[in-house]
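Q: We have chain Y already, so just place chain C on it with the hints.
Protein chains: 2
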Amino acid sequence: MSKALERRAKFREELILAAERSIGTGGLAGLKTRDLAREIGVANGAVYNLVEDMDELTLRVGSRTLARLDAALTVAESDGPDSPRETLVRIAVAYCDFAAENLELWRALFEHRMTPGKPIPEWAVSEQMNLFRHIYAPLATLFPRRSPEELGVTARSLFSAVHGMVLLGLEQKLIAVPIEALRREIAAIVKAMVEGLAG
Amino acid sequence: MSKALERRAKFREELILAAERSIGTGGLAGLKTRDLAREIGVANGAVYNLVEDMDELTLRVGSRTLARLDAALTVAESDGPDSPRETLVRIAVAYCDFAAENLELWRALFEHRMTPGKPIPEWAVSEQMNLFRHIYAPLATLFPRRSPEELGVTARSLFSAVHGMVLLGLEQKLIAVPIEALRREIAAIVKAMVEGLAG
Numbered sequence: 001m002s003k004a005l006e007r008r009a010k011f012r013e014e015l016i017l018a019a020e021r022s023i024g025t026g027g028l029a030g031l032k033t034r035d036l037a038r039e040i041g042v043a044n045g046a047v048y049n050l051v052e053d054m055d056e057l058t059l060r061v062g063s064r065t066l067a068r069l070d071a072a073l074t075v076a077e078s079d080g081p082d083s084p085r086e087t088l089v090r091i092a093v094a095y096c097d098f099a100a101e102n103l104e105l106w107r108a109l110f111e112h113r114m115t116p117g118k119p120i121p122e123w124a125v126s127e128q129m130n131l132f133r134h135i136y137a138p139l140a141t142l143f144p145r146r147s148p149e150e151l152g153v154t155a156r157s158l159f160s161a162v163h164g165m166v167l168l169g170l171e172q173k174l175i176a177v178p179i180e181a182l183r184r185e186i187a188a189i190v191k192a193m194v195e196g197l198a199g
Numbered sequence: 200m201s202k203a204l205e206r207r208a209k210f211r212e213e214l215i216l217a218a219e220r221s222i223g224t225g226g227l228a229g230l231k232t233r234d235l236a237r238e239i240g241v242a243n244g245a246v247y248n249l250v251e252d253m254d255e256l257t258l259r260v261g262s263r264t265l266a267r268l269d270a271a272l273t274v275a276e277s278d279g280p281d282s283p284r285e286t287l288v289r290i291a292v293a294y295c296d297f298a299a300e301n302l303e304l305w306r307a308l309f310e311h312r313m314t315p316g317k318p319i320p321e322w323a324v325s326e327q328m329n330l331f332r333h334i335y336a337p338l339a340t341l342f343p344r345r346s347p348e349e350l351g352v353t354a355r356s357l358f359s360a361v362h363g364m365v366l367l368g369l370e371q372k373l374i375a376v377p378i379e380a381l382r383r384e385i386a387a388i389v390k391a392m393v394e395g396l397a398g
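Those protein sequence lines, which keep their order, are chains Y and C.
Reminder that position 167 of the first sequence reads as 167 in my numbering, one-by-one numbering, no gaps.
Remember, my numbering sits 199 above the position in the second sequence when you count from 1.
Hints are computed from structural coordinates only; laboratory data are not their basis.
It cannot be assumed that every hint is accurate.
As the list claims (entries may be wrong) - Once the Cα atoms are required to be at most 30 Å apart in a straight line, the calculated DSS-like pairs of lysine-lysine come out as:
| # | chain 1 | residue 1 | chain 2 | residue 2 |
| --- | --- | --- | --- | --- |
| 1 | C | 231 | Y | 118 |
| 2 | C | 390 | Y | 191 |
| 3 | Y | 3 | Y | 32 |
| 4 | C | 209 | C | 231 |
| 5 | Y | 32 | C | 231 |
| 6 | C | 317 | C | 231 |
| 7 | Y | 32 | Y | 118 |
| 8 | Y | 32 | C | 317 |
| 9 | Y | 32 | Y | 10 |
| 10 | C | 231 | C | 202 |
| 11 | Y | 118 | Y | 10 |
The following block holds chain Y by itself, in its conformation from the complex:
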């Protein structure tokens, strides 16, 4: 790599880390190119030599968040009995814990909207889809006769339902719940859903 490219790679990494700190503290709404440029010591305009636009920057931060979520779910998978039902409950509770501990970065994953008309890049879609394997695998063990498509639908529904409970449970708004109570509720509901689906 040439010196110039090395230098660019280094600044790009610093920019993404600065954006991650900024989102982690003040959420997506507080992300300002000018502040990031100052923090890493480049001119305002130079930011767009490092990333294509704010969409790419936000997605790169999201990519780091998803990698840490992936690691947390992988730990939860093996952190208890091998039964697919219990694994699904552990995964759901781990998702809740991750969201609580990374509140702003986790919110940013869902609040970010691409500039109108711009599709989400392929690499970002695959990273997001890849996380579904944590739910898909135990469901496939639990329901060996269901088609991959059916399992995909169930995985998506389970995820969305747990996401809703975490989202509203962590809101400091209408129905804020102490985290321990929220974890218990999520475990109870996921258990009920899985029992009910197994008929």
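A: Okay, now just chain C, sitting in the frame of chain Y:
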């Protein structure tokens, strides 16, 4: 009522309706006092003689949305067999339909944040809480031995889970689903949750 008060009441109503149309079209982010003032024919500053602030205006629009949601859920309740399980499924599907048909106004209910430090007014909290009766009542029939507190927790979890499925299902993003498929999924998952909870 004096002429001046009548006039104020009329402008206030017009302001709320203009804000509702604006949110319904362009979402909460597109709501601009200046546009509303022009639309109803008052000076910019006069808006804050009609409502306290943007929080109140947004909550008043939300109040109208909640009233229509309440009516839609009431229709769904009596629109089929009296069984509490089937009622819960109908309520969930009706919630999905309402969200799909009132996408921006429904989103605004959840996206609105009060100015930091300002609590949500009592009247708005009660209106929101009042809607839980649609879920609470069939759950109370289904689980007659559970305490009101336990039923409240279950009602909240069921609502949050369905909300999550509707939210991510209607997103034009990662996991957009055709509405008919979404309705089927929600019905299946709610049925499974209720079966599982009934053990």
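Q: Among the hints numbered above, which are violated by the structure, and what are their numbers in rising order?
A: none
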